[in-house]
Amino acid sequence: MVMVVMGCNSGGVSGEGTGEEGKGRKGDGSVIDLKVIGEKIKDAVEFAEKVKEVHTLVKSVDELAKAIGKKIHNDGSLTTESGKNGSLLAGAHSVILAIKTKLEALEQKAIDQFAAMKAQVTTAKTASTDLLNKFKDKNAELGKNEVT
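Here the sequence shown is numbered in the working numbering, starting from 1 and rising by one per residue.
The set of hints was computed from the structure by calculation and includes no laboratory data.
Wrong hints could be hidden among the right ones.
[To be verified] Calculated pairs, DSSO-like style, for lysine-lysine (alpha carbon to alpha carbon, straight line, at most 30 Å): (1) 40 x 100; (2) 42 x 118; (3) 23 x 70; (4) 52 x 109; (5) 42 x 52; (6) 100 x 52; (7) 59 x 71; (8) 50 x 136; (9) 52 x 125; (10) 42 x 102; (11) 59 x 23; (12) 35 x 23; (13) 71 x 118; (14) 40 x 59; (15) 84 x 40; (16) 42 x 23; (17) 70 x 52; (18) 42 x 66; (19) 52 x 66; (20) 26 x 42; (21) 109 x 59; (22) 109 x 35; (23) 70 x 134; (24) 50 x 109; (25) 42 x 136; (26) 66 x 134; (27) 59 x 42; (28) 138 x 66; (29) 50 x 118; (30) 102 x 26; (31) 23 x 84; (32) 138 x 100.
Predicted model, so just to flag it, every value in this text is computed and none were measured.
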């Protein structure tokens with residue numbers, strides 16, 4: 001039995017002894033460096049993972065904000081309780097500070113490799129800085145146990 005395998009030159013590694021190991025050939029005949037493409041994919045995945053971390057922290061702040069002015073009722077639901085939010089606000093401040101730090105690192109990465117994302121990262125960083133400044137400006141009021 002004789003089997004003939006035909007390819008359409010639509011890709012694959014080009015290493016026919018021509019010194020092009022680690023390179024691929026596209027359908028139009030152009031050669032791409034698979035190592036460079038692999039590094040770009042790796043960098044994009046790492047950037048996306050860091051964005052996901054920030055997203056998770058932002059969602060945490062959102063959930064903390066929902067708890068301000070609340071207490072846990074004996075049936076597991078949240079009921080109103082004012083005047084006991086100082087520690088909760090301090091926790092929210094701490095999470096927002098972590099978000100700002102992560103956004104600063106993302107902003108530097110965006111400048112270098114993901115310029116299209118830079119504006120969005122900068123906007124988020126500015127919003128986190130503004131919120132932190134509000135916490136700082138109102139620290140005398142927010143630092144009290146009776147804060148609502």
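Now for the hints, and whether the structure bears them out:
For the proposed pair residue 40 and residue 100, the alpha carbon gap of about 25 Å is at most 30 Å, so the pair holds. Distance restraint check for residue 42 and residue 118: the Cα-Cα separation of roughly 19 Å lies within the 30 Å cut-off, and the hinted pair is therefore satisfied. Restraint check: the Cα-Cα separation between residue 23 and residue 70 comes to about 60 Å, which exceeds 30 Å; the hinted pair is violated. With a C-alpha separation of about 15 Å, the suggested pairing of residue 52 with residue 109 holds against the 30 Å cut-off.
Between residue 42 and residue 52, the direct Cα distance comes to roughly 15 Å. Compliance with the 30 Å bound is thereby established for this hinted pair. Our distance criterion of 30 Å between C-alpha atoms is met by residue 100 and residue 52, whose separation comes to about 14 Å. In summary, the hint linking residue 59 to residue 71 is supported, as the alpha carbons are separated by about 20 Å, within the 30 Å threshold. For the proposed pair residue 50 and residue 136, the alpha carbon gap of about 27 Å is at most 30 Å, so the pair holds.
As the CA atoms of residue 52 and residue 125 are separated by approximately 15 Å, the hinted pair is consistent with the 30 Å bound. Note on residue 42 and residue 102: the hinted pairing holds, with a Cα-Cα distance of about 19 Å set against a maximum of 30 Å. Restraint check for residue 59 and residue 23: not satisfied, since their Cα atoms lie roughly 42 Å apart, outside the 30 Å limit. The suggested pairing of residue 35 with residue 23 holds, with an alpha-carbon distance near 8 Å, which does not exceed 30 Å.
As the CA atoms of residue 71 and residue 118 are separated by approximately 39 Å, the hinted pair breaks the 30 Å bound. Among the hinted pairs, residue 40 with residue 59 is consistent with the structure: their alpha-carbon atoms are about 29 Å apart, no more than 30 Å. For the given pair, residue 84 sits about 49 Å from residue 40 by alpha-carbon distance, which is inconsistent with the 30 Å threshold. Under the criterion of a C-alpha separation no larger than 30 Å, the hint pairing residue 42 with residue 23 is consistent with the structure, at around 17 Å.
For the suggested pair residue 70 and residue 52, the alpha carbons sit about 28 Å apart, so the restraint of at most 30 Å is met. The suggested pairing of residue 42 with residue 66 is violated, with an alpha-carbon distance near 37 Å, which exceeds 30 Å. Distance restraint check for residue 52 and residue 66: the Cα-Cα separation of roughly 21 Å lies within the 30 Å cut-off, and the hinted pair is therefore satisfied. Distance restraint check for residue 26 and residue 42: the Cα-Cα separation of roughly 21 Å lies within the 30 Å cut-off, and the hinted pair is therefore satisfied.
Taking the CA atoms of residue 109 and residue 59, the gap is near 22 Å; set against the 30 Å cutoff, the hint holds. For the given pair, residue 109 sits about 20 Å from residue 35 by alpha-carbon distance, which is consistent with the 30 Å threshold. Straight-line distance between C-alpha atoms of residue 70 and residue 134 comes to about 22 Å, which keeps the hinted pair within the 30 Å bound. In summary, the hint linking residue 50 to residue 109 is supported, as the alpha carbons are separated by about 10 Å, within the 30 Å threshold.
In summary, the hint linking residue 42 to residue 136 is not supported, as the alpha carbons are separated by about 38 Å, beyond the 30 Å threshold. Taking the CA atoms of residue 66 and residue 134, the gap is about 18 Å. The hint holds against a cut of 30 Å. In summary, the hint linking residue 59 to residue 42 is supported, as the alpha carbons are separated by about 26 Å, within the 30 Å threshold. Proposed proximity of residue 138 and residue 66 is supported: the alpha carbons are some 20 Å apart, at most 30 Å.
Of the supplied pair hints, the one linking residue 50 and residue 118 holds, its CA atoms being roughly 14 Å apart against a limit of 30 Å. At most 30 Å may separate the alpha-carbon atoms for a hinted pair to count; residue 102 and residue 26 exceed this at roughly 38 Å. A C-alpha spacing of about 63 Å is found between residue 23 and residue 84, which places the hinted pair above 30 Å, so the restraint is violated. For the proposed pair residue 138 and residue 100, the alpha carbon gap of about 19 Å is at most 30 Å, so the pair holds.
In the structure shown, a violation is registered for the earlier hints numbered 3, 11, 13, 15, 18, 25, 30 and 31, in ascending order.
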